[in-house]
Amino acid sequence: MISLLISMWQVFLHAFRRRVTIQYPERTDYLPPRWRGRIILSRDPDGEERCVACYLCAAACPVDCISLQATEDARGRRYPASFRINFSRCIFCGYCEEACPTDAIQLTPDFEMCEYDRQNLVYEKEDLLISGPGKYHDYNFYRVAGISIGGKDKGEAERESPPVDPLGLLP
Amino acid sequence: MSELRNIIVPLITVFGVIIIAMSMAAGLIWLERRLLALWQDRYGPNRVGPFGLLQVLADLIKIISKEDWVPPFADAAVFVVAPAAMFIPTLLTFAVISYTPGIAVADLNIGLLFFLAMSSLTVYGVVLAGWASDSKYSLLGGMRAAAQMLSYEVFMSLSLMGVVMLAGSFDLRQIVEAQRGLWYVVPQFPGMLIFLTAGVAETRRLPFDLPEAEGELVAGFHAEYSGMKFALFFIEEYLGITLISVLVSVLFFGGWLGPLLPPLAWLAIKTMFFISLFILLRATFPRPRYDQLMSFGWKAMLPLALANLVVTGGIILAAR
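Chains as they are written, first to last, in the working numbering: chain H, 4 to 174; chain P, 46 to 365.
Just chain H, with the same shape it has in the complex (with noise of 0.2 Å):
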């Protein structure tokens, strides 16, 4: 009978309790920065698309929401003629930007993405790429990777020597 009672009392107390509901279109909660939002296409710190269009980030897709088309610049370089992600399927899980050698496709602090016709929630390319970085201020694909490419031969990437000469008999 008495626990009845200071059970009551207790839970009366919790009327001068802080709120823990954030009234949120006024008020907003701290998203951390790995925060898994609306998904962005980034470019490199000098302005060029980071996507190569691998395919990577579409085969990695639990709900296949990513579909996109590889092409070619005049330099060799690989790039994605469209690219698109319908956000009415995708499940943000983030394994896209796990999957990316580029990291080209990133996953932002932002969710705030309803519409009122579902066929808006399909992004298309020119909906997907920023103009910055992202994530990765200083990360550039082409001056890391092996390959040869449009205007870098191989061996002259940052930290990477020459390659192996195999036909070649010094040690």
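No lab work stands behind these hints: they were computed from the structure.
Ideal Cβ positions, reconstructed from N, Cα and C, are used throughout, including at glycine.
You may find that some hints are simply not true.
Stated by the list, open to error - Stretch by stretch, here's where chain P covers chain H in the computed footprint (C-beta under 8 Å, at least three residues):
1. 4-14
2. 18-24
What the hints assert, rightly or not - Here are the computed distance ranges between Cβ atoms for each label pair:
3. H:94 <-> P:117: 37 to 43 Å
4. P:110 <-> H:12: 39 to 45 Å
5. P:93 <-> H:33: 24 to 30 Å
We have chain H; now place chain P onto it with these hints.
Just chain P now, with coordinates in the frame of chain H:
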């Protein structure tokens, strides 16, 4: 002129009581949600209108615009009648309560008996609703409601007999007048506790909401109801809370008696206190098992009510 007055004044009283009782029931929906939120460290509805007060209006528009649907397997006639069969007796009881010395719809000299009779009648609504729905959860809920309300009614009426003996009347106005010296909560404290417990069970409120028991019976006896028919059950529940709160204040806490403030304000303050207590009970306690509920009623509350009755009677007899 006085004939016109004899017609108009009762009409104003009747419609005033109905309108206030109904708007209390509607407002309690808001109050309960805000208070429960308060005790759960939340805010509750606070967007629609000032303090979220217009939430009630939004709920009303929503529930009125819903389809009035009777399940094809239900017993249609009884299904439709059941909500009204529950709602009307509860509303009728408001007629016999005397709110102030002057304001009462019917100053019955058997007011308390009338209340007890009407509160027994509400059982029919629950049982019929559960039966007519032709669904196992509804039937279980209706069955539980019948057993629970009948057994709690027994000592609910017994607990009030102490008050009746002290006041020497079933008339609610005379009971309040008899409390001018001392509120009956002091000599009848066990009676007050028993009546409050039975009142919670009578209105099927948590912790005695076994007829509804969302976790096990979907929604109990009104699981198949929707739209305005469901709203009648809902409003009846809040009317019941208001009724029990008014009665506790009238029978044990001196009704309109109190210094300074006008009589009606005192009754309103006391009633609001007990309504909040009802909601605090809901915020605090879990639901007991069905057999625990029954044995609590028959093995603890009934003997206590009887003992209270005997001791009160004995003291009155000895003092005479």
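Tested hints:
| no. | hint | verdict |
| --- | --- | --- |
| 1 | 4-14 | holds (count 4) |
| 2 | 18-24 | holds (count 6) |
| 3 | H:94 <-> P:117: 37 to 43 Å | holds, 39 Å |
| 4 | P:110 <-> H:12: 39 to 45 Å | holds, 42 Å |
| 5 | P:93 <-> H:33: 24 to 30 Å | holds, 28 Å |
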